[in-house]
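**Q** So the chains spell out like this:
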Amino acid sequence: MTTTAPRQVPAPTAGPEPALRVGPVRRRASRTRRQQNRAAYLFILPFFVFFVLMLVVPLVYSGYLSVFREQLIGGLSFVGLDNYSRALQDPEFLAGLGRVGLFLVVQVPIMLALALIFALVLDSGRLRFAGFVRLGIFLPYAIPGVIAALMWGYLYGQDFGPFAQIAQFFGLPAPQFLSSQWMLASIGNITTWSFVGYNMIIIFAALRAVPEELYEAATMDGAGAIRVAWSIKIPAVRPALMLTVIFSIIGSFQLFTEPQLLKTIAPTVIDGAYTPNLYAYTLAFSRNELNYAAAVSFLLGFLIMVISYVVQLSTQRKERSR
Amino acid sequence: MARSARRSAMALAASAVALGLLLSGCAGSASSAPAATTSQADIDKAMTTPTTITFWTSNKLQDEVDLFEKKYPAITVNLVDSGSGTDYYTKLRSAIKAGNGAPDVAQIEYHHMPSFILQGSLDDLTPYGAADVKDKFATFAWNQVATDKGIYGIPQDTGPLGLLYRNDIFAASNIKAPTTWDEFATDAAIIHAANPSQYIANISPSNASATMGLFWQAGAQPFSYDGDKTVSINLDSPEMVKVAEYWQKLVQAGTVSTDPDFTDQWYQGLASGRYASWVSAAWGPLFLQGTAADTAGKWTASTLPQWAAGENKSGSVGGSANAVISTTANPIPSAVFAEFLNSDPESTLTMGTKQFLFPAAKATLANPAFTDQPVEFFGGQKINELFSQISPTVNPDFQWLPFMDPVFDSYNATFGKALTDKTSLTDALTEWQKQVVDYATSQGFTVK
Numbered sequence: 000m001t002t003t004a005p006r007q008v009p010a011p012t013a014g015p016e017p018a019l020r021v022g023p024v025r026r027r028a029s030r031t032r033r034q035q036n037r038a039a040y041l042f043i044l045p046f047f048v049f050f051v052l053m054l055v056v057p058l059v060y061s062g063y064l065s066v067f068r069e070q071l072i073g074g075l076s077f078v079g080l081d082n083y084s085r086a087l088q089d090p091e092f093l094a095g096l097g098r099v100g101l102f103l104v105v106q107v108p109i110m111l112a113l114a115l116i117f118a119l120v121l122d123s124g125r126l127r128f129a130g131f132v133r134l135g136i137f138l139p140y141a142i143p144g145v146i147a148a149l150m151w152g153y154l155y156g157q158d159f160g161p162f163a164q165i166a167q168f169f170g171l172p173a174p175q176f177l178s179s180q181w182m183l184a185s186i187g188n189i190t191t192w193s194f195v196g197y198n199m200i201i202i203f204a205a206l207r208a209v210p211e212e213l214y215e216a217a218t219m220d221g222a223g224a225i226r227v228a229w230s231i232k233i234p235a236v237r238p239a240l241m242l243t244v245i246f247s248i249i250g251s252f253q254l255f256t257e258p259q260l261l262k263t264i265a266p267t268v269i270d271g272a273y274t275p276n277l278y279a280y281t282l283a284f285s286r287n288e289l290n291y292a293a294a295v296s297f298l299l300g301f302l303i304m305v306i307s308y309v310v311q312l313s314t315q316r317k318e319r320s321r
Numbered sequence: 000m001a002r003s004a005r006r007s008a009m010a011l012a013a014s015a016v017a018l019g020l021l022l023s024g025c026a027g028s029a030s031s032a033p034a035a036t037t038s039q040a041d042i043d044k045a046m047t048t049p050t051t052i053t054f055w056t057s058n059k060l061q062d063e064v065d066l067f068e069k070k071y072p073a074i075t076v077n078l079v080d081s082g083s084g085t086d087y088y089t090k091l092r093s094a095i096k097a098g099n100g101a102p103d104v105a106q107i108e109y110h111h112m113p114s115f116i117l118q119g120s121l122d123d124l125t126p127y128g129a130a131d132v133k134d135k136f137a138t139f140a141w142n143q144v145a146t147d148k149g150i151y152g153i154p155q156d157t158g159p160l161g162l163l164y165r166n167d168i169f170a171a172s173n174i175k176a177p178t179t180w181d182e183f184a185t186d187a188a189i190i191h192a193a194n195p196s197q198y199i200a201n202i203s204p205s206n207a208s209a210t211m212g213l214f215w216q217a218g219a220q221p222f223s224y225d226g227d228k229t230v231s232i233n234l235d236s237p238e239m240v241k242v243a244e245y246w247q248k249l250v251q252a253g254t255v256s257t258d259p260d261f262t263d264q265w266y267q268g269l270a271s272g273r274y275a276s277w278v279s280a281a282w283g284p285l286f287l288q289g290t291a292a293d294t295a296g297k298w299t300a301s302t303l304p305q306w307a308a309g310e311n312k313s314g315s316v317g318g319s320a321n322a323v324i325s326t327t328a329n330p331i332p333s334a335v336f337a338e339f340l341n342s343d344p345e346s347t348l349t350m351g352t353k354q355f356l357f358p359a360a361k362a363t364l365a366n367p368a369f370t371d372q373p374v375e376f377f378g379g380q381k382i383n384e385l386f387s388q389i390s391p392t393v394n395p396d397f398q399w400l401p402f403m404d405p406v407f408d409s410y411n412a413t414f415g416k417a418l419t420d421k422t423s424l425t426d427a428l429t430e431w432q433k434q435v436v437d438y439a440t441s442q443g444f445t446v447k
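First to last, the sequence lines map onto chains L and Z.
When we follow numbering that gives the first Met the number 0, the leftmost residue of the first sequence carries the number 0, and every step to the right adds one.
When we follow numbering that gives the first Met the number 0, the leftmost residue of the second sequence carries the number 0, and every step to the right adds one.
Keep in mind that the hints were calculated from the coordinates and are not lab data.
Take these hints with a grain of salt, some might be off.
[Stated by the list, open to error] So, partial list: chain L residues that the calculated Cβ filter (under 7 Å) puts toward chain Z:
| hint | residue |
| --- | --- |
| 1 | L71 |
| 2 | I72 |
| 3 | G73 |
| 4 | S76 |
| 5 | S84 |
| 6 | D158 |
| 7 | I264 |
| 8 | D270 |
| 9 | G271 |
| 10 | A283 |
| 11 | S285 |
| 12 | R286 |
[To be verified] Computed list of chain L residues with no C-beta within reach of chain Z, every gap over 10 Å:
| hint | residue |
| --- | --- |
| 13 | R30 |
| 14 | Q88 |
| 15 | A222 |
[To be verified] Derived coverage of chain Z by chain L (criterion: at least 3 residues anywhere in the stretch with Cβ under 8 Å from a Cβ of chain L; other residues may be distant):
| hint | stretch |
| --- | --- |
| 16 | 157 to 165 |
| 17 | 400 to 414 |
We treat Cβ as the ideally placed atom computed from N, Cα and C, and that holds for glycine.
Kindly produce the complete structure, drawing on both the sequences and the hints.
**A** Here it is as structure tokens:
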């Protein structure tokens, strides 16, 4: 995936087989190989069938849907790419994109910085109860998003939520977590809380793979813990960080559960087009515009692909120019 | 526990919201439907031929189904608890579209009826004698199932509106149940002044159906649908503006609250006295007993405040009909079942007294076995009697559009948002009107 990968993980060697077996034995081996291949294909067949049925077919079908339009009066008609050009000019869709874009550039750096710091602290080995702490940070990820959003919805509550009660106790106005100014930040807080542990585990696993000798060498050269973290650990986990960035980009653009659930307690702040995914849902299930919803989803998927690719490409180039 | 309460409340809210059907209510519409009549001999034959029909409903109607099967032993009814809300309608529409798996008879909320009629999903029941049972139902309920073109369902339950109020809070400020909206506004100021954390009522920014009940009472007719391609949309009519301007004053003065309803905060508000009254449908009193059990004895029900002294008008929120789905192979037993279930006196009385569905059937509304039940939670008041008297005062001319989901969504974004932000409600009506007209046009309707 990235140019740094082979440096840390020793590539698996080809194995002793070709060197040891020669001549006629080898021909028999290739027959065995062919049989093995056949068996392998058989083994992956179930996966492949499900992959086609559950992923490829629906994808093709929604692509097909997206070039039609069905009206309540007038029925179905082929409209080519009209739905796409409509989406590109649709203020509701664009506003939702802008919102998740803002979310992406603010929330993702905060979450990943926290995840990296936690991972480095855990990896430093200076922490007591490291296992317990690690579990504690990871635990929110194990809580289903629906439950998390409901729980935070309660915590944010303006009348009986704990923050409101604390504020009341000190005679302060209750914080307006669910107002239109704060909503995006409140959602960002929920997703950060939920996913920081998940990202931390990925980075932490990468840190564990760094060969000890590097640290020994650095210590010998007089580097302190901070210096080791900055010059050795962080560059070493770059690929892992990259992975978390890509996941986070996808996650941000697909933001759905949290706004959908907070919608019930803040129905006038979160409308049906608050995020692009929520918009697609509203189009399909409330406005009877299934075809347009398919186009919006496709466009969103395409956008995620492009942005992920650009991000990955730009970091690779940076790497190479070093 | 809180979650399950919320979920059921959400389902309730969704079903209340969902209600609608359209049908038009033009006067005399049903009788003009020119459908061929199925002969009595055909009906007798069908009702004695062993047949199984499937019935989807979220109501627990086994008692009533038993009554039907006793009268028609050849017919077996497969009662399916279908759930409610958006999921239910998605399931029903998919089954109809797929051409198999749909029930023979289904429960459909009034405000969703027009959308099913539009799709041709419901059988006209006129050939099976439905016009003969017309007079057995409250007029406003019948107008929700019958159009100029046919009779597409039999009314089951309804939600005429009354005012449930906290007699202790009212008594503490020395006020009586307001008889006009002017009095209501004065009382609102008194209650809020006496205790700044109390409001006479809440108007929800997220429950278009409930707010629609207020417009309905004021005589607004924001929607109509001709059953074909033409709709009319008047969300900014003078009656609508009158109601909006009235609530604008209360919202601006801060004497009513604007909390989303059917949320934890709202339940808490009902139980804690944050709201001193609730403009509630006839199904509300029972709901309240479950939500605010600790306040037993502190509530009294009355008629809605009126726009002019001496008037007696109401609106409706919620309620549903039983319709025969057009994919059925057994239209006769299905139609007879829907009629029997909702017009047989014993069946409708059982619904009212055992399943606590507020009836559409006049016979039950007038039956002392239903109306004379005192309700302890309301200090022994005969709640059913009160709402039975309100039922005939519901404005009979209200109709729905064949696409209420986007209309209700748009309410949140316009009127609801203006309630929350305390901006102009009349501007919000204009914007709501525009959004709904745009939607109707984009779906190919002719907007009159």
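**Q** Tell me if the interface restraint on L:S285 is satisfied: Cβ within less than 7 Å of some Cβ in chain Z.
**A** 4 Å, holds
**Q** Interface hint check: L:L71, Cβ to nearest Cβ on chain Z, cutoff 7 Å. Holds or violated?
**A** Result: holds, 4 Å to nearest chain Z Cβ.
**Q** Interface hint check: L:G73, Cβ to nearest Cβ on chain Z, cutoff 7 Å. Holds or violated?
**A** Nearest chain Z Cβ about 4 Å off; hint holds.
**Q** Given L:I264 as an interface hint, is the shortest Cβ-Cβ distance to chain Z below 7 Å?
**A** 5 Å, holds
**Q** Is it correct that the beta-carbon of L:Q88 has no partner in chain Z closer than or equal to 10 Å?
**A** 14 Å, holds
**Q** Non-interface claim for L:A222: all C-beta distances to chain Z beyond 10 Å?
**A** The claim stands: L:A222 keeps its Cβ more than 10 Å from every Cβ of chain Z (closest is about 53 Å).
**Q** Grab the minimum C-beta distance from L:D158 to chain Z and call the hint holds if it beats 7 Å, violated otherwise.
**A** Hint holds; L:D158 Cβ to chain Z Cβ min 6 Å, cut 7 Å.
**Q** Have a go at the L:R286 hint: is there a Cβ in chain Z nearer than 7 Å to its own Cβ?
**A** The hint holds - L:R286 has a Cβ within 7 Å of chain Z, the shortest such distance being about 5 Å.
**Q** Grab the minimum C-beta distance from L:D270 to chain Z and call the hint holds if it beats 7 Å, violated otherwise.
**A** Nearest chain Z Cβ about 5 Å off; hint holds.
**Q** At a threshold of 7 Å, is the proposed contact between L:S84 and chain Z supported by beta-carbon distances?
**A** Violated, about 15 Å.
**Q** Answer holds if the nearest beta-carbon of chain Z is closer than 7 Å to that of L:G271; otherwise answer violated.
**A** With Cβ-Cβ at 5 Å, under 7 Å, it holds.
**Q** When I compare C-beta atoms, does the stretch 400 to 414 of chain Z have three or more residues closer than 8 Å to chain L?
**A** holds (count 7)
The structure does not agree with the numbered hints 4, 5, 10, 16 stated previously, though it agrees with the rest.
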